[in-house]
Amino acid sequence: MTIIDELREGVIQGQANVALEKVKKALEEGYAADVILNEGLISAMSNVGQMYEDGVVFVPEMLIAARAMDKALQILRPYLVAQGVKPVGKVAIGTVKGDLHDIGKKLVAMMLEGSGFEIIDLGIDAPPEKFVDAVQNKGADVVALSALLTTTMPNMKTVVDALKQAGVRDKVRIIIGGAPVNQAYADQIGADGYAPDASSAVRKVREMLGV
Amino acid sequence: MEIYKHLAVKDPDDLIFGHSPRPLTLPNGLVIGGGLVYPELNFTLPPMSISAETMPEIREQYRQIIESACARAVDLYVPGLVVEFELLPEMTRTPEWGAEITAILRDCLDRFAQRDGLKSALRVTPNDIREFERPPRMRSGGLWDDMIRSFELCAQAGADLLSIESTGGKEIHDDAILYADLPTVAYALGVLGARDMTFLWDMIVRVGLKNGAIPAGDTACGFANTAMVLAEIRHIPRVWAALIRVMSVARSLVAFERGAVGPGKDCAYEGPYIKAITGYPIAMEGAEAAVAHSSPIGNIAKATADLWSNESVQNVRLLGGAAPTVSLEQLAYAARLMNTATEAGPHTALMLRNLFVASDTTYDPQAYVLRPDVVIDLSREIIAEETAYGRVRRAALATAQCLRKAHHDGLCPLSPQEVNWLDRLSKQADTLPEAEEALIEQMKDQIDPEKIRQDQYGLT
Chain A
1 MTIIDELREG
11 VIQGQANVAL
21 EKVKKALEEG
31 YAADVILNEG
41 LISAMSNVGQ
51 MYEDGVVFVP
61 EMLIAARAMD
71 KALQILRPYL
81 VAQGVKPVGK
91 VAIGTVKGDL
101 HDIGKKLVAM
111 MLEGSGFEII
121 DLGIDAPPEK
131 FVDAVQNKGA
141 DVVALSALLT
151 TTMPNMKTVV
161 DALKQAGVRD
171 KVRIIIGGAP
181 VNQAYADQIG
191 ADGYAPDASS
201 AVRKVREMLG
211 V
Chain B
1001 MEIYKHLAVK
1011 DPDDLIFGHS
1021 PRPLTLPNGL
1031 VIGGGLVYPE
1041 LNFTLPPMSI
1051 SAETMPEIRE
1061 QYRQIIESAC
1071 ARAVDLYVPG
1081 LVVEFELLPE
1091 MTRTPEWGAE
1101 ITAILRDCLD
1111 RFAQRDGLKS
1121 ALRVTPNDIR
1131 EFERPPRMRS
1141 GGLWDDMIRS
1151 FELCAQAGAD
1161 LLSIESTGGK
1171 EIHDDAILYA
1181 DLPTVAYALG
1191 VLGARDMTFL
1201 WDMIVRVGLK
1211 NGAIPAGDTA
1221 CGFANTAMVL
1231 AEIRHIPRVW
1241 AALIRVMSVA
1251 RSLVAFERGA
1261 VGPGKDCAYE
1271 GPYIKAITGY
1281 PIAMEGAEAA
1291 VAHSSPIGNI
1301 AKATADLWSN
1311 ESVQNVRLLG
1321 GAAPTVSLEQ
1331 LAYAARLMNT
1341 ATEAGPHTAL
1351 MLRNLFVASD
1361 TTYDPQAYVL
1371 RPDVVIDLSR
1381 EIIAEETAYG
1391 RVRRAALATA
1401 QCLRKAHHDG
1411 LCPLSPQEVN
1421 WLDRLSKQAD
1431 TLPEAEEALI
1441 EQMKDQIDPE
1451 KIRQDQYGLT
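Chains A and B supply the protein sequences, listed in that same order.
With the first letter of the first sequence counted as 1, position 22 gets the number 22 in my numbering; the numbers rise by one all the way through.
With the first letter of the second sequence counted as 1, position 187 gets the number 1187 in my numbering; the numbers rise by one all the way through.
In case anyone wonders, no lab produced these hints; they're calculated from the structure.
Some clues are possibly wrong.
In the DSSO-like style, the derived pairs of lysine-lysine whose C-alpha atoms are separated by at most 30 Å in a straight line are [claimed, not checked]: (1) K71(A) with K1444(B); (2) K71(A) with K24(A); (3) K204(A) with K90(A); (4) K1405(B) with K1005(B); (5) K1451(B) with K71(A); (6) K204(A) with K157(A); (7) K1451(B) with K157(A); (8) K130(A) with K204(A); (9) K164(A) with K86(A); (10) K1451(B) with K90(A); (11) K164(A) with K130(A); (12) K71(A) with K25(A); (13) K204(A) with K164(A); (14) K90(A) with K171(A); (15) K164(A) with K138(A); (16) K1451(B) with K138(A); (17) K97(A) with K130(A); (18) K130(A) with K1451(B); (19) K1427(B) with K1444(B); (20) K138(A) with K204(A); (21) K71(A) with K1005(B); (22) K90(A) with K24(A); (23) K1451(B) with K97(A); (24) K86(A) with K204(A).
Note that this is a predicted model, so its numbers are computed, not measured.
Extracted from the complex, chain A is given alone in its bound form:
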């Protein structure tokens, strides 16, 4: 078992301290930062994601694994920067104005992060200007919008319109999710896609960016 295997196992088991120790050791052994990231951390999260999709684990196991990955990333990040490793994409995610629902958005963000995306979390009750700013000034490749109420889903269109008005609609892909919306609604408001759950959101974003 290599140190990368041990790192992967530590993350899958959600053992933050083990993950931390193994990343340090892998660096000491001379593994490149991108190898540790891709073959250790991202591969572990991909495994956990698959176990979740297969019904073997629940979200808490995934989150605890993500927390372990996050700890390990804190050590690894400077090495990734030094090596010039970039995230596979940057996603600005938020629950639209007037809506306080947090959980769905949080899960999508966690799954995307575990797949190597950089997340700009705009929080809940997020006004359109925040999404525009994330695209204009923070380089978001994807805008992910969440809403859980029939009376707040129209605010998804407000964001799409704001991005158009700011002249950045063509620079970004837009994905929507939440109980009251579907693909037809995504088409209607001019979004690029819809995902019914966190796992498919990752697949959809990957597909949108061709990564």
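Chain A is fixed; fit chain B onto it per the hints.
For chain B alone, coordinates are given in the frame of chain A:
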């Protein structure tokens, strides 16, 4: 303040639909919990924005909903009707809007009462908008002021019953559900939630008394129902959602200790516990609430209901009419069956209740913990403790044990994964300190001040 130390319902056979030891009589003579089950209809708008510009259309939507629902209620000979108007957040933030809709509903209910003899009650539920500010200020500020004003104006506009889905403690509870962190759930419900409920319900009771409205009850919707929905989509184990449900009882009970008198809120699936402990009537929802969300307790929720609700339905057009009207019809028939069983005699009513119970309990631990005998046993455990935190802790320990035994005896079979999680959660429950102060101390380092203002709960 009433501290519940004894059960109002001691015999599981007495925990039954339509009957409460402390029924509620409204000024118009409608008795809730006095023998009959009534439909409680809730509804919401179709996809649309809420603003000053759209208010004319919104008024018209509510007018159409209530006119059509009342007409159907008369056609179906319902013996009584409760209508719930759950405000949308914008309507609480602009309290005049919520009051305006309340007046529209009141006017229609009064006309049907006068013209057709339809006895009814209007429950109005302003939103807990404090969470629009993060971290929320729980006891002051503009959002608090608007919320209180919303209660006052809605009561003055004709609300008979006042309710809320309060959210004190939810700032840390959502994450605790997702991380399966039982001590944090216990802290959110038993320490933060209970403190917030005390403060909030003292205010709601005052507003109710001053304006002639009845302080009805709260719900652990933002806590236990969040867990239920997450369990339904396989995000968390079902045993975890069942544990949270019973742990939430102590928090919801605080409203009644501060002066709420029922009927409990429909989405409070902990309602049977509230009824067993306080004797006040409850609203419940299940099969007919599938218009709003799925649940594993569709039939068993009927077993102890005094009001039978649909949770909420959008005002969209169906073949059978507007969705709220259709929903009302479904509720009316469900309630009629229960009332027919009651009319046939206690033996028949009990038989129907037992069928409701038996049809759900083996499928899901969340249904199992609503079995009347389980409710009585666990309620007895809960009120053996004096503080809200003590009750939450006792609920966690006793429910874990109860579910383990139910699995072992084949009464509620659990999958190996669920059993594994029950063990993990049970171990966490075992670590809960007996003294509330010890838990508060333990949580100090774990609480993110960016998420929650502990001083707003009277904690330093």
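A quick look at each hint next to the structure:
1. A hinted pair counts as satisfied when its Cα atoms are at most 30 Å apart, and K71(A) with K1444(B) qualifies at roughly 22 Å.
2. Simply put, K71(A) and K24(A) have alpha-carbon atoms about 11 Å apart, close enough for the 30 Å limit, and the pair holds.
3. The suggested pairing of K204(A) with K90(A) holds, with an alpha-carbon distance near 14 Å, which does not exceed 30 Å.
4. At roughly 26 Å between alpha-carbon atoms, K1405(B) and K1005(B) fall within 30 Å of each other, so this suggested pair holds.
5. With a CA separation close to 21 Å, the supplied pair K1451(B) and K71(A) stays within the 30 Å bound.
6. The straight-line distance between the Cα atoms of K204(A) and K157(A) is roughly 19 Å, inside the 30 Å bound, and the hint therefore holds.
7. For the given pair, K1451(B) sits about 29 Å from K157(A) by alpha-carbon distance, which is consistent with the 30 Å threshold.
8. Restraint check for K130(A) and K204(A): the C-alpha separation of about 23 Å stays at or below 30 Å, so the hint holds.
9. Among the hinted pairs, K164(A) with K86(A) is consistent with the structure: their alpha-carbon atoms are about 27 Å apart, no more than 30 Å.
10. Distance hint between K1451(B) and K90(A) is fulfilled; the C-alpha atoms sit about 25 Å from each other, no more than 30 Å.
11. A threshold of 30 Å between alpha carbons decides the hint, and for K164(A) with K130(A) the separation of about 14 Å falls inside it, so the pair holds.
12. About 14 Å separates the Cα atoms of K71(A) and K25(A), which keeps this hinted pair within 30 Å; it holds.
13. A threshold of 30 Å between alpha carbons decides the hint, and for K204(A) with K164(A) the separation of about 22 Å falls inside it, so the pair holds.
14. Taking the CA atoms of K90(A) and K171(A), the gap is near 12 Å; set against the 30 Å cutoff, the hint holds.
15. For the hint pairing K164(A) with K138(A), the CA-to-CA distance comes to about 17 Å; that is within 30 Å, so the pair holds.
16. With a C-alpha separation of about 24 Å, the suggested pairing of K1451(B) with K138(A) holds against the 30 Å cut-off.
17. With a CA separation close to 10 Å, the supplied pair K97(A) and K130(A) stays within the 30 Å bound.
18. A hinted pair counts as satisfied when its Cα atoms are at most 30 Å apart, and K130(A) with K1451(B) qualifies at roughly 20 Å.
19. For a cut-off of 30 Å, the pair hint linking K1427(B) to K1444(B) stands: about 21 Å separates their Cα positions.
20. At roughly 22 Å between alpha-carbon atoms, K138(A) and K204(A) fall within 30 Å of each other, so this suggested pair holds.
21. Pair hint K71(A) plus K1005(B) does not hold up; C-alpha atoms about 47 Å apart against a cutoff of 30 Å.
22. The hinted pair formed by K90(A) and K24(A) meets the criterion: a straight-line CA distance of about 26 Å does not exceed 30 Å.
23. Only pairs whose Cα atoms come within 30 Å are accepted, and K1451(B) paired with K97(A) is accepted, the gap being roughly 19 Å.
24. The straight-line distance between the Cα atoms of K86(A) and K204(A) is roughly 20 Å, inside the 30 Å bound, and the hint therefore holds.
When each numbered hint is compared with the structure, a violation occurs for hint 21 only.
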